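S.K.: This is what each chain is made of:
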Amino acid sequence: MDLSIAKDRLSYVVKPDSITTSQGDFLATHVAIKRLHLLSRFDIMPTGGKDYSEEAVYRKYVLNPDNRHQFIAVYGQSGTGKSHLIRWFEAKFQYDKPENEVVLFIRRSDNTLKGTIRQLLETTEVKEIANKEVFDRLVRATVYEDENKLKGRIYHDFINEVECDDESHDIRLTNVRRKRLASFLYNEVVQAHLMSIDGPIERIYSKVAENSSVDRDTVAQFIPEDFFVSPDLFEDIHRAGADPKAEKMARELMADESGTEDAQKIAAYLNQFVNDVIQRCAGIEPGDFRDIFQDIRRELYRIGKNLTLFIEDVTSFTGVDDALLDALIVEHTGMNEGENLCRISSIVGTTSNYLERNFRDNHKDRITQYVFIPSDAFDENGIFEFVGRYLNTMSLPEDRIALWMKNHATAAEYPVHDVKEGAAWEFIPIENDKKLCLYPFTKNCIRYLYKYELTKGHQTPRYIIRDIIEPIVTDILENRAQFPSIKYNIVNVNTTLSFQIHNQVKDEQQAERLLRFLSIWGDGSPDQYTQDGKVFLSSVKKEIIEELGLPLLSLSQGAAPSPKPDPDSVPKTKPNPTADLKPSTEVPVQIQEKVSKAIGTLSNWANGQVIDISATGGTSGVLRKAQEDICDFLWSSINWQTEGISSDNVSKVRKSTVRLVTFENQTKMRNSGFYIMPANWESVTIISAFIRWRELGSQSWNYTDSDLDAYLITSWSFHIQNKLISAVNEKSVSETSYIEAAVAAEMYRMILCGEFREKSLKNLSAQYLFDSKTSKAAKNYHSKEWNALVTVLSQKGADIANRETVRQYFNIPQGDGNSIIVLDEPSLSQIVRRVKTNKLTISSEALESTDVVKLRKDVFTYLKEILDRIGPVAKAEVNNARTIIQTVFDRFDSDEIDEEDILDLASKVKEFYNESNNAIINVKFFAPDLVRKNAKQIAKAIGDIKNILDENDPLTILMTFSGDPIAELQPLLDLFKQLENALIEVDRQLANRKAKLGEIQDYATGTDRYANEFEVIDECIALLGSEAQV
Amino acid sequence: MFREKMVTPAIPERVFTLCKIVEKRAISSSDLKAKMEPDYLKQTSSYYSDYRTAAEELQLITVSDNMISLAVDTSVIKTTASMRRYINGILSEFQNGQFYQVTKAYFEMDSNVLNGEKSLVALAPIMSKQLNRPVDAMAMRAWRFWVSYLGFGYLQDMFFIPNAAKFLEDIISMAGIEKGHRYSFGDFMAKIQPYSNIIISHDPSNRQLNYGVSNGLRTLHDAGIIKLEHILDQEDIWNLYPLKAHPISGTVTNITLCKEEV
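First to last, the sequence lines map onto chains A and B.
Counting along the first sequence from 1, when you hit position 103 you're at 103 in my numbering, and nothing is skipped either side.
Counting along the second sequence from 1, when you hit position 174 you're at 174 in my numbering, and nothing is skipped either side.
In short, the hints are calculated from the structure, not lab data.
Check before you lean on any hint, since a few could be wrong.
[Claimed, not checked] Among the chain A residues that face chain B by a calculated CB cut under 10 angstroms, a handful are:
no.	residue
1	F93
2	Y95
3	S700
4	Y711
Treat the numbers as computed from the prediction; the structure is a model and nothing was measured.
Beta carbons are placed, not taken as given, at the ideal position from N, Cα and C, and that holds for glycine.
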């Protein structure tokens, strides 16, 4: 290659459409097609059959040795080289044509109707036609019209066609549906939708107006998708206040199944009007083109000449193609003999789809010969030659090409450039013992890119130029120091090669560059060999690697490939390109590509880009799964229990939203993982290994080179294990383990729920932790604050969860665990001891846990809830007790109350009732037996309460009240209450009796009622007084 | 567990805990059971005898007059790692046991294990056939706990990837290998031979190291714990499982225990 020339010539030579290159460049880049198929009937995708060379087709048909009327359709998929072939036919025909043959070549130009008309107007034959009226119309048709105006005219013309449909077309709509469709099309939202950049009006417009930018193979038609109404679109239509008929149609089109059918029908219905609309908008009559060609043929007949017409692409005549075909199929003999038409030989190019859909059957029947160009028209060597010729042409100065052209562009004199760059690279032999340098390509590279970079249906010359030649040459021109800088996916990357490169090349970008080069330009093998004194690495000459400034590498010695074909000879047998390009492994190409895309993303990540694994599909999904697989592997491969991480901790971490492993520069994640894989090559190899395990091995190691992957991940696990264990260990967050908090909280719960009622923690053994129940507390005499805390403890099952934490933390399960608990007794004892020593509290720092593992943090939160409330609870409890105990003290008129006092009280109470009974005072009897019976407990409760009244330590207070001493006092309190009532009753009854005795003053003033008694008493008193004096 | 059939309840952590309980003083078997599986748990079955037997087989404890006492120096059970080293040092005493034989057979399968059954459980009938003794699914489940703990490789769910790095590290530390001294590979193998038969064939005609052992050596090399070399003029050539990508891709002649991790 000569880069200094190519730099200027690249843009001229590398044009995907043959129509835009110069004739010289066109011929210099032409590679003979040897796989043409000839058919007498149309077949959209013919298989089998004999291959014909372009030369054979040219001689037998294009040259028309029998001077017959003929209509040859050259068809194939988009980009297969139809235009190229027709142009080549035309160029060759210009040299070989008979003297009386007139050649009319309608090039595709910009592939629009106006462009084509303009082209026609410039031909001598049209300029001389007698029909001035038609000529003038054609001139007017080429007049520029404002884009929006023309598009609007096209759109409204379709509405007009719908409204005025006289039902003369094959596809019909009912009157109602036509009205709905017209309303639908009138709707502003619909109009904007259909006139959008990828809508049907744009497509149709682009085939009419010149200078519109559109894919050349766009077909000016409606497609069903144009009428798919999404819920969003419907909403817009509805919101804009659509006509009911339009809305109804929109609703029909939105339906899942019937909507699709309706859309297909409407597209087909409207397509019937495309030709009429285009003609009307272009200002020409349907018969104009037929008339022009009839006139040309008559004129040529008159002067004794025949016509050979080459049309690169019939879609250039969009809108009038039907009329054009009508003109071309008319023979000059038979019933038309009187028309005085010259013989016409038409070679017309079209895509397979256009031919199938737009040619009427009667046109297809009148086509005398079909020439099919398959997508793989070139064999492998043909593709190499194709690339070589382009590289050669762009390395040649224009004048050398011009000189060759001047000398009839013969193969023998085909100019080959002087190789300035790439002398050590591969060459491709062509006829006449010439060789073309493939620099900056290798055959491997062309094979690879053809297979993996060109999608199905794009493996055609056009895309070889656009997607392979141009970018690679541009890359070497602009980025030689980084060549190859285009980050193609490396499909089926050789893990060993990748590992060796990254082991030896520490610069990540250079390593990636070398891997890319050896995998795509080379054969991707991890071997080197020496052949003819030259060292090859991955089948690439070492000097090429050096020439590009790529890092040098030492690979394992391998055997040189078995006998290579003589590089200077043209292979006698052409290999089947598809056979050569088949995958090297049994893994489906889609899977390989999926893997390579993911690894490509990882490579970019290692080079500083962010990585997003938030989606579940696509490459993101592959990477997401890989991360999950890595986590799963580490969870199962590390012996967490033996490393001092309890199974309860493992379980809590696994249930958390924080992953064991995340990636550096990972986006869209809530928390970083416990271990962040750095964005470097080592991480790429590990993640890639897990991708291959899942994708290539279907979640097994059963795939090629898995031995390396399995080694890598286990070696990596060995390497990072300690970091992971430290990170997962709860002690990494706080010196205080969550289990201390859990045990403390459980102990508090037991105290508050009265499950542990002692005033000292001394006897609070581990057994309590495993014995305790979390049943609801029964009726009690605690303060409302106390009961509120008890309620809080069991909210949302928090008590059960905490208790389970305590039970499971000390369990030593096997595998995934089962119901049998085997205790880690030393650890359990140690923690219980520590918690008790710390009086059920932990440091305030630990309480304010910042643990990202929610279930561990929840434990601290749970304890904090308790600790935050126990102060007020204790205070409330004391205040409550103080009031009650004061009553007791008041009753006894003492605060020194012992069991004897209580028993004495019980006795006196009994006496009271007896006296009442004797005095015949009727009060309800309340036996003090319960008080007597519980005198000891009551006395103890009174003593406990009395002693706690001045206590400040909440835990001591809680433990005092854990046994609910107020409840112990209840018999006494009840007794007081009954006595109180009884006394009231006694007073009441005595008062009644007194009342019945009358007023006290009556006794003083005397009445007759007790006069005698008073006399007797007075006598007795006097008698007693006299006896006393004696 | 080690002398006869493998049982799942006898996991390393339970054996270790049991040893820690008897570390300070001898204790009756019933008291020991009461500590690990106390009655107040009200469980219907017990695993106690399984892990106690495993501890006894491994000579970590002795049972006399129903009193259980620690049979090793307390340093052995200082950590689970020290207990692992101890056990790895006496594994050769269990050549007739299921654990030893299954481990040996698994390593002899070389990298074929990668292409075989995905689950160890499914490997039971294959092992039975190969060892000519019954090996059931439960035995394979039990095997995985110990083979992973003892550092023979890594569990991936119910699959086991052989990589004996930890095991090799342990036996190297016991074999009297001098740090910084470059040993010929044959000499090195002779030194570790008393401990390594379980995974390395010491047939002098066979200088081939299987996949799991090669993985272990390469891992230790990559971690800077040992240095593997192929010195061209040396004749004591051993073959690691070939991994082209690794700097030590195949043959090796010398090994050095590094003074410090590099």
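S.K.: Work down the list of hints and note, for each, if the structure agrees.
M.R.: Checked hints:
Residue-level restraint check for F93 (chain A) is violated (minimum Cβ-Cβ distance to chain B is 58 angstroms; threshold 10 angstroms). Among the interface hints, the one on Y95 (chain A) is violated; its C-beta lies about 58 angstroms from the nearest C-beta in chain B, farther than the 10 angstroms criterion. Interface restraint check: S700 (chain A) against chain B, minimum CB-CB distance 5 angstroms, threshold 10 angstroms, status holds. Of the supplied interface hints, the one on Y711 (chain A) holds, with its beta-carbon coming within about 5 angstroms of a beta-carbon of chain B, less than 10 angstroms.
Checked against the numbered hints given earlier, the structure breaks hints 1 and 2 and satisfies all the rest.
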